[in-house]
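First to last, the protein sequences are chains A and R. Numbering follows the numbering used here, with no gaps: position 57 of the first sequence is 60. Numbering follows the numbering used here, with no gaps: position 41 of the second sequence is 44.
The hints are simulated quantities; they were obtained by calculation from the structure and are not laboratory data. Hints may contain errors.
The list treats identical chains as interchangeable, and a pair is accepted whether it falls inside one copy or across any two copies.
[As the list claims (entries may be wrong)] SDA-like, lysine to any residue: derived pairs with alpha carbons at most 20 Å apart:
(1) Lys153 x Met279
(2) Lys449 x Cys399
(3) Lys449 x Tyr400
(4) Lys449 x Trp394
(5) Lys374 x Glu238
(6) Lys449 x Tyr396
(7) Lys185 x Leu226
(8) Lys367 x Gly313
(9) Lys153 x Ala194
Just so you know, these numbers come straight off a predicted model, no measurement behind them.
Residues per chain are reported as follows:
Number of protein chains: 2
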Amino acid sequence: MDNANTPYSPTNPRTVDFVVEPEWILPIEPAGLLLTGHALAVRDGRIEALLPTDQMRAQFSCRETFRLPGQLLMPGLVNLHCHSAMSLLRGYADDLPLMRWLQERIWPAEGALAGKEFVATGSKLAALEMLRGGTTCVNDMYFFPEETAKAMAGIGMRATLGMIVIDFPTAYAQSGDDYLAKGLQTRDDYADNALLSFCLAPHAPYTVSDPLLQRISELSAQLDVPIHIHMHETEQEIADEVVRTGMRPVDRLDRLGIIGPRTIAVHAVHLSDTEMALLARRGAHLAHCPTSNLKLGSGIANVPAWERHGITWGLGTDGAASNNRLDAWQELRHAALLAKGRSHDASALTAHRVLSAATLGGAKALGLDSKIGSLLPGKAADMIAVRLDEWIYQPCYDPVSHLVYVTGREQVSHVWVAGELLMANGVLSCANLTEVLAEAEFWRQKLLQL
Amino acid sequence: MDNANTPYSPTNPRTVDFVVEPEWILPIEPAGLLLTGHALAVRDGRIEALLPTDQMRAQFSCRETFRLPGQLLMPGLVNLHCHSAMSLLRGYADDLPLMRWLQERIWPAEGALAGKEFVATGSKLAALEMLRGGTTCVNDMYFFPEETAKAMAGIGMRATLGMIVIDFPTAYAQSGDDYLAKGLQTRDDYADNALLSFCLAPHAPYTVSDPLLQRISELSAQLDVPIHIHMHETEQEIADEVVRTGMRPVDRLDRLGIIGPRTIAVHAVHLSDTEMALLARRGAHLAHCPTSNLKLGSGIANVPAWERHGITWGLGTDGAASNNRLDAWQELRHAALLAKGRSHDASALTAHRVLSAATLGGAKALGLDSKIGSLLPGKAADMIAVRLDEWIYQPCYDPVSHLVYVTGREQVSHVWVAGELLMANGVLSCANLTEVLAEAEFWRQKLLQL
Numbered sequence: 004m005d006n007a008n009t010p011y012s013p014t015n016p017r018t019v020d021f022v023v024e025p026e027w028i029l030p031i032e033p034a035g036l037l038l039t040g041h042a043l044a045v046r047d048g049r050i051e052a053l054l055p056t057d058q059m060r061a062q063f064s065c066r067e068t069f070r071l072p073g074q075l076l077m078p079g080l081v082n083l084h085c086h087s088a089m090s091l092l093r094g095y096a097d098d099l100p101l102m103r104w105l106q107e108r109i110w111p112a113e114g115a116l117a118g119k120e121f122v123a124t125g126s127k128l129a130a131l132e133m134l135r136g137g138t139t140c141v142n143d144m145y146f147f148p149e150e151t152a153k154a155m156a157g158i159g160m161r162a163t164l165g166m167i168v169i170d171f172p173t174a175y176a177q178s179g180d181d182y183l184a185k186g187l188q189t190r191d192d193y194a195d196n197a198l199l200s201f202c203l204a205p206h207a208p209y210t211v212s213d214p215l216l217q218r219i220s221e222l223s224a225q226l227d228v229p230i231h232i233h234m235h236e237t238e239q240e241i242a243d244e245v246v247r248t249g250m251r252p253v254d255r256l257d258r259l260g261i262i263g264p265r266t267i268a269v270h271a272v273h274l275s276d277t278e279m280a281l282l283a284r285r286g287a288h289l290a291h292c293p294t295s296n297l298k299l300g301s302g303i304a305n306v307p308a309w310e311r312h313g314i315t316w317g318l319g320t321d322g323a324a325s326n327n328r329l330d331a332w333q334e335l336r337h338a339a340l341l342a343k344g345r346s347h348d349a350s351a352l353t354a355h356r357v358l359s360a361a362t363l364g365g366a367k368a369l370g371l372d373s374k375i376g377s378l379l380p381g382k383a384a385d386m387i388a389v390r391l392d393e394w395i396y397q398p399c400y401d402p403v404s405h406l407v408y409v410t411g412r413e414q415v416s417h418v419w420v421a422g423e424l425l426m427a428n429g430v431l432s433c434a435n436l437t438e439v440l441a442e443a444e445f446w447r448q449k450l451l452q453l
Numbered sequence: 004m005d006n007a008n009t010p011y012s013p014t015n016p017r018t019v020d021f022v023v024e025p026e027w028i029l030p031i032e033p034a035g036l037l038l039t040g041h042a043l044a045v046r047d048g049r050i051e052a053l054l055p056t057d058q059m060r061a062q063f064s065c066r067e068t069f070r071l072p073g074q075l076l077m078p079g080l081v082n083l084h085c086h087s088a089m090s091l092l093r094g095y096a097d098d099l100p101l102m103r104w105l106q107e108r109i110w111p112a113e114g115a116l117a118g119k120e121f122v123a124t125g126s127k128l129a130a131l132e133m134l135r136g137g138t139t140c141v142n143d144m145y146f147f148p149e150e151t152a153k154a155m156a157g158i159g160m161r162a163t164l165g166m167i168v169i170d171f172p173t174a175y176a177q178s179g180d181d182y183l184a185k186g187l188q189t190r191d192d193y194a195d196n197a198l199l200s201f202c203l204a205p206h207a208p209y210t211v212s213d214p215l216l217q218r219i220s221e222l223s224a225q226l227d228v229p230i231h232i233h234m235h236e237t238e239q240e241i242a243d244e245v246v247r248t249g250m251r252p253v254d255r256l257d258r259l260g261i262i263g264p265r266t267i268a269v270h271a272v273h274l275s276d277t278e279m280a281l282l283a284r285r286g287a288h289l290a291h292c293p294t295s296n297l298k299l300g301s302g303i304a305n306v307p308a309w310e311r312h313g314i315t316w317g318l319g320t321d322g323a324a325s326n327n328r329l330d331a332w333q334e335l336r337h338a339a340l341l342a343k344g345r346s347h348d349a350s351a352l353t354a355h356r357v358l359s360a361a362t363l364g365g366a367k368a369l370g371l372d373s374k375i376g377s378l379l380p381g382k383a384a385d386m387i388a389v390r391l392d393e394w395i396y397q398p399c400y401d402p403v404s405h406l407v408y409v410t411g412r413e414q415v416s417h418v419w420v421a422g423e424l425l426m427a428n429g430v431l432s433c434a435n436l437t438e439v440l441a442e443a444e445f446w447r448q449k450l451l452q453l
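Work out the full structure, taking the sequences as your base and the hints as a guide.
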């Protein structure tokens with residue numbers, strides 16, 4: 004970053020807040036384009052212009068210039084499925100079969116500790132981990148979403164909060180009505196916050212009853228908010244639902260009006276061709292969580308088939324208890340690699356395609372693609388700069404390929420959300436890290452005492 | 004590192020070169036053990052003692068102490084399959100079907116440029132990348148192994164060099180006899196180097212004739228050196244071999260005496276149960292390259308079945324052209340995750356097991372397990388320290404689990420090979436990095452001009 008001697012002094016200039024001059028710009032839209040010799044201008048939190056650098060210098064004056072040689076500017080990454088507060092359970096229970104993991108470790112821990120304060124700390128820790136790695140927007144689902152909303156608003160990260168609904172009482176709420184009322188109240192409380200939006204978040208087909216799902220489907224249409232739901236994560240869950248209801252989960256959800264253009268169905272590891280065709284026809288979106296699906300032994304989603312069906316999808320980390328990193332770069336790489344390994348086709352899911360899914364795909368799923376997901380003028384300046392010049396990444400022939408197959412999250416140097424600089428040169432400036440870590444240590448000690 | 008005020012002044016002490024006092028020690032042998040409050044002493048390049056810290060301080064005097072709070076000491080990682088020189092082709096050709104990748108990009112580039120100087124530069128670059136990430140020993144296969152030997156010897160990395168044999172002429176050699184003669188000469192030239200050993204490296208069943216394979220089998224027994232060979236990487240390769248010879252590759256190799264206790268068969272993505280039983284019976288070893296197998300669309304090896312058969316295996320990165328990182332931590336994580344995802348069992352291949360494969364497993368496959376692969380007194384001091392105290396890795400409940408599911412290679416802080424400190428606090432001291440990068444840039448420019 005160099006703002007000592009800005010050369011931006013044209014006659015009759017248009018004024019902007021700052022200009023970024025990186026080595027490369029990957030705007031994501033138009034698809035496949037990689038620019039060099041370009042600069043991007045930001046005013047009032049939005050992208051004002053994306054122009055060849057000499058034209059930018061001739062037309063604009065700015066208060067600050069970020070000269071970033073060896074770096075690539077791109078949209079911030081969208082984490083389409085996370086349970087942020089579970090960052091406090093990172094590595095708390097690994098290498099266990101799914102049901103023992105849940106029943107013996109995760110649920111008892113959550114039952115004992117997952118109140119407001121736990122969610123507040125876990126959400127902050129997760130937000131900082133995600134921002135450090137270039138994730139600028141998260142779609143979250145957890146109890147006490149008001150605490151996650153507060154944490155995200157305080158830090159300045161963009162988030163969609165799940166108004167969670169689950170058909171049994173917890174420390175957060177007592178009944179379906181109670182869950183919905185609390186979620187909707189939180190939505191009202193943050194109606195004025197431009198960085199926060201809300202989803203209806205029925206946990207999963209097997210934890211939410213027909214009447215509740217029907218009500219959620221109606222609310223989604225009335226309020227025009229997305230529905231965020233786990234679906235077809237494991238074969239067992241599907242088989243159980245067939246025994247219980249006579250239907251596969253996706254068919255039951257469709258009958259109840261849950262499957263539509265506002266739907267974000269998470270995991271979708273096991274889908275028939277007919278089911279994919281249905282999802283495509285309904286305009287539903289999928290959240291692919293490749294690492295979590297491997298780690299919990301769920302399997303490998305057939306993403307090349309999703310692509311053939313024209314389904315829009317994004318990438319999610321899931322919670323840190325089943326990953327164990329909230330690292331969008333790991334998900335990018337896993338998505339590209341697993342698509343190739345599963346289909347036995349090394350050309351499946353190219354670097355450009357997976358980067359588009361991780362940005363614009365996630366934005367579309369959240370209904371936020373008019374605001375974020377690409378570097379089109381008019382969109383919010385949610386963007387990141389990535390160093391491609393460190394020695395261990397050399398040689399570099401194709402920066403886009405390097406982003407997917409080589410880059411680590413530690414290479415992210417700058418992060419802006421709505422034009423606010425939250426990290427520069429790898430150093431976060433948006434929270435008191437020491438305080439958050441002290442809180443996290445408090446909860447770690449609590450968990451060790453269980 | 005703190006050696007200003009060593010407390011090691013017992014009466015009648017035994018003298019050692021240095022002592023490491025980390026937070027944790029993961030010795031790999033005995034299996035599953037994680038020590039705290041222990042220290043490790045090194046003398047003349049070997050591990051002299053591993054004791055509770057107070058006993059160490061009472062019994063030994065030393066010239067240097069490495070106090071490493073928040074860090075874990077473990078054996079250096081063994082990369083059981085690499086083409087080091089191909090680091091210069093990192094990201095040169097991605098997202099292409101295997102045959103186009105080879106025929107249109109990799110082979111023409113190698114044909115035009117892969118001479119002695121190319122191999123020298125590529126090997127140095129690869130060695131530095133591997134050491135930075137905690138890999139202390141590599142099993143290599145490429146043309147001009149004398150250049151890779153020279154690079155590794157100069158840097159001080161432990162390596163097993165493949166005496167490559169392939170049934171067509173290249174810039175390196177003209178005939179099977181020529182390949183063998185050159186490889187054996189290189190082996191003789193480095194006979195006195197304690198860090199270097201040699202393998203016979205017939206490239207693959209489909210590129211080496213029966214008589215040559217038979218000769219290699221005999222040489223392996225006479226000289227007591229391992230055989231390093233690609234095997235059953237793709238379904239196509241197996242089908243082609245059946246058409247050509249009437250046999251599956253592993254059966255043909257077995258008939259020719261190649262499959263035995265000195266064998267390192269690489270990839271083994273597609274193996275029947277009978278074939279695994281044969282490999283186990285013969286005492287052959289496998290090199291698992293999970294990332295490369297995904298990226299080239301080869302598939303996912305059935306490692307949990309290898310384990311059931313009791314086959315010894317280690318982890319390999321393959322070359323940087325098909326990975327694109329020479330990063331042992333990525334392979335560790337992918338091995339653990341893919342085993343779970345493929346078998347639909349979240350308890351498959353635990354963190355302890357995969358760490359053992361990546362260290363002791365690789366050492367056994369190379370016939371070097373009396374020297375390296377665990378922190379037993381008497382073995383060479385090939386070891387690494389890993390930071391587990393950075394904020395982005397918090398909280399940490401189980402350091403072993405964190406190594407596999409959370410750690411990035413940038414967390415490796417110290418690297419020793421045979422007691423020589425090659426990296427401290429993440430800074431390599433074993434080569435002129437600027438010079439190596441300038442050479443790498445020279446070759447990048449050459450490749451861009453092709």
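Verification of the supplied hints:
Neither within a single protomer nor between protomers do lysine 153 and methionine 279 lie at most 20 Å apart by alpha-carbon distance, with minima of 37 Å and 55 Å respectively. When the C-alpha separation of lysine 449 and cysteine 399 is checked against a cutoff of 20 Å, the pair qualifies only between copies, where the shortest distance is 13 Å, while the shortest distance within a copy is 46 Å. Only between protomers do lysine 449 and tyrosine 400 lie at most 20 Å apart by alpha-carbon distance; the minimum there is 12 Å, versus 49 Å within a single protomer. In this homomeric assembly, lysine 449 and tryptophan 394 come within 20 Å of each other (Cα to Cα) only across copies, at 19 Å, whereas the closest approach inside a single copy is 42 Å.
Proximity of lysine 374 to glutamate 238 under the C-alpha cut-off of 20 Å is found in neither arrangement, the shortest distances being 36 Å within a copy and 46 Å between copies. Taking the closest pair of Cα atoms, lysine 449 and tyrosine 396 come within 20 Å of each other only across two copies (18 Å); inside a single copy the shortest separation is 40 Å, beyond that limit. Taking CA atoms no more than 20 Å apart as the test, lysine 185 paired with leucine 226 passes inside one copy only; the shortest distance there is 16 Å, against 75 Å between copies. Within a single copy, lysine 367 and glycine 313 get their C-alpha atoms as close as 13 Å, which meets the 20 Å cut-off; across copies the closest is 48 Å, which misses it.
Taking the closest pair of Cα atoms, lysine 153 and alanine 194 come within 20 Å of each other only inside a single copy of the chain (13 Å); across copies the shortest separation is 66 Å, beyond that limit.
In this structure, the earlier hints numbered 1 and 5 are contradicted, and the remaining ones agree with it.
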